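Order-wise, the sequence lines are chains A and B. Just so we're aligned, residue 78 is where the first sequence starts under my numbering, counting upward by one. Just so we're aligned, residue 37 is where the second sequence starts under my numbering, counting upward by one.
It should be emphasised that the hints constitute simulated quantities derived from the structure, not laboratory data. Please note that a few of the clues may not be correct.
[Said to hold, decoys possible] Just the calculated beta-carbon pair ranges, DEER-fashion:
1. R122(B) to Q159(A): 52 to 62 Å
2. E182(B) to I334(A): 39 to 49 Å
3. A294(B) to G194(A): 47 to 57 Å
4. L210(A) to W165(B): 36 to 46 Å
5. R66(B) to P93(A): 51 to 61 Å
6. E107(B) to P94(A): 31 to 41 Å
7. G194(A) to E261(B): 53 to 63 Å
8. A148(A) to D174(B): 51 to 61 Å
9. E237(B) to P93(A): 48 to 58 Å
10. N182(A) to D289(B): 37 to 47 Å
Predicted model only: the values in this text are computed from it and were never measured. C-beta atoms are modelled at their ideal positions from N, C-alpha and C, and glycine is treated no differently.
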Amino acid sequence: MSDTSLSARPQRLAFPPNWPARIGFTVLALYVLYAGTVVDITWARFLTGLEQGSRFLSRMFPPNTAADKLALLHNGMSESLQIAIIATAVGVLLSLPLGLAAARNLAPAPLAWASRGLIVAFRTFHPVIVAILFVKAVGFGALAGMLALVVASLGFLSKLIAEAVEEMSMKQVEAVRATGASFLAVVIMAVLPQVMARFIGFSAYQLDSNLRNSALVGLVGGGGIGATLFTAFQRFDYDFVLTIVLAIIGIVMVGEIVSGFMRRLFQ
Amino acid sequence: MEATTGGNPSTTDRSSDRSLRIEHLHKEYRAGEPVLRDVSLTVEGRGLTAIIGPSGTGKSTLVRCINRLVEPTSGEILFRGQDMVRLSGRELRAARRRIGMIFQEYNLVERLSVIENVLCGRLGYVPVWRAWLRRFPDADIARAFELLDAVGLGDLATQRADQLSGGQRQRVGIARALMQEPDLLLADEPTSSLDPKTSVEIMELIARRASASSIPALVNIHNVELARRYADRIIGMSKGSIVFDGPPQALEDSHLLAIYGGEGWLE
Numbered sequence: 078m079s080d081t082s083l084s085a086r087p088q089r090l091a092f093p094p095n096w097p098a099r100i101g102f103t104v105l106a107l108y109v110l111y112a113g114t115v116v117d118i119t120w121a122r123f124l125t126g127l128e129q130g131s132r133f134l135s136r137m138f139p140p141n142t143a144a145d146k147l148a149l150l151h152n153g154m155s156e157s158l159q160i161a162i163i164a165t166a167v168g169v170l171l172s173l174p175l176g177l178a179a180a181r182n183l184a185p186a187p188l189a190w191a192s193r194g195l196i197v198a199f200r201t202f203h204p205v206i207v208a209i210l211f212v213k214a215v216g217f218g219a220l221a222g223m224l225a226l227v228v229a230s231l232g233f234l235s236k237l238i239a240e241a242v243e244e245m246s247m248k249q250v251e252a253v254r255a256t257g258a259s260f261l262a263v264v265i266m267a268v269l270p271q272v273m274a275r276f277i278g279f280s281a282y283q284l285d286s287n288l289r290n291s292a293l294v295g296l297v298g299g300g301g302i303g304a305t306l307f308t309a310f311q312r313f314d315y316d317f318v319l320t321i322v323l324a325i326i327g328i329v330m331v332g333e334i335v336s337g338f339m340r341r342l343f344q
Numbered sequence: 037m038e039a040t041t042g043g044n045p046s047t048t049d050r051s052s053d054r055s056l057r058i059e060h061l062h063k064e065y066r067a068g069e070p071v072l073r074d075v076s077l078t079v080e081g082r083g084l085t086a087i088i089g090p091s092g093t094g095k096s097t098l099v100r101c102i103n104r105l106v107e108p109t110s111g112e113i114l115f116r117g118q119d120m121v122r123l124s125g126r127e128l129r130a131a132r133r134r135i136g137m138i139f140q141e142y143n144l145v146e147r148l149s150v151i152e153n154v155l156c157g158r159l160g161y162v163p164v165w166r167a168w169l170r171r172f173p174d175a176d177i178a179r180a181f182e183l184l185d186a187v188g189l190g191d192l193a194t195q196r197a198d199q200l201s202g203g204q205r206q207r208v209g210i211a212r213a214l215m216q217e218p219d220l221l222l223a224d225e226p227t228s229s230l231d232p233k234t235s236v237e238i239m240e241l242i243a244r245r246a247s248a249s250s251i252p253a254l255v256n257i258h259n260v261e262l263a264r265r266y267a268d269r270i271i272g273m274s275k276g277s278i279v280f281d282g283p284p285q286a287l288e289d290s291h292l293l294a295i296y297g298g299e300g301w302l303e
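Starting from the given sequences, assemble the full structure and let the hints guide the process.
So this is what it looks like as structure tokens:
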């Protein structure tokens, strides 16, 4: 009985072909080939590029460590640090209420959607584009860079908080609500304990990212080490450029270590 | 069916009265599919009332309607001279704080310490800033320690709740409910996630503490034997209606058949 039904069944495949994926990858490969021919990347062009690059690199060595250059470096660097740290602090403070307002399991639907809209607006543009806008709005300097990074932090942190809150256990919230606690008390005693560790992790990551981006916003007029770097490029001070680049790499590495440490501390 | 509900003594003074009167309670989560059908029930100001019945019969919904964790569709729930169904905002929170609730999965805030969880029972009484800064009144803290001693967890006050076993967590849940100085204790399947021995200990504790505080307890429970052993009164529910109401000794096999249906399982 079972034998006949088995043999009557059509052949079974353990790994049926995934046609959408096959077609998708084929199309992608074809497009890469096509785009490569269109943008005119030739072997000769690549070789001239290498030659120019090596000349550029040789002019960078050795890094310039003259006292006046180091003073410039120090000024730019400390301004960048200030930009990054203030932007992170302001972003963290503002993102907590915005993130809570955007969580659909806590906030009433209209507020949640409005907050989500705001977060999407903050996240739409890269910090460099936001920085260009702020430079036009408030003028050259650290303020523009800082505001740009506040917007970036706010977008990133609020979105992650909203997601963390939406994933939390509503049972714990329900139990605290059942004690007669007010909304704010529920947030403090039932919501924050569940999301705080992750929030601190996000904030540490954001500090790390703001340190990197503070150099970037400087390039478009947002002050800090980016401005110093831009000036050095324009004056063909390539040896000083190398000094700045090395300093930025150092700071970013330190930032990464600090943020990793913070995340472990609040696990 | 047995019907020994007894007369309603609540004609006396209203606010100190601990009786609960439910009139024509009706609940539909989806229109046309009633979970509670016209439930009327009076719980006097003392004793342990157990609600038994098959899963999905509305026991949990009934208990959650009382403190409005679930919104009733229609009906009245009279407690302390107020109709719970009509309350909202501040009044609802003030009424909730007089109703302690114990949950099947304990619903402790996992990342808070044991004593913080117990002090959550005061959130309906203390201002929010006190909860935020953990500056609870000394009297509350002293009482929290007393209650922890009473449930046998005096040494674990500063442990994080997620370090505890199931039985220990439920003891914290009981202490949290008692911390509210409730006039009524609700328990939604308080032993269903526990082993048989711990279940007995937890039921014992609930019964003892409720009678020590001379407050009524309303307990949903799957386990008929535990209900018989600890309840002063048993209410049997089936398909959203009350089909048995009487003292444990009056509960016979014929009633269990009416409550749970089927036959073979009783032998």
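Notebook entry, point to check: Which earlier hints can't be squared with this structure?
Noted result: Of the numbered hints given earlier, those the structure breaks are 5, 6, listed in rising order.
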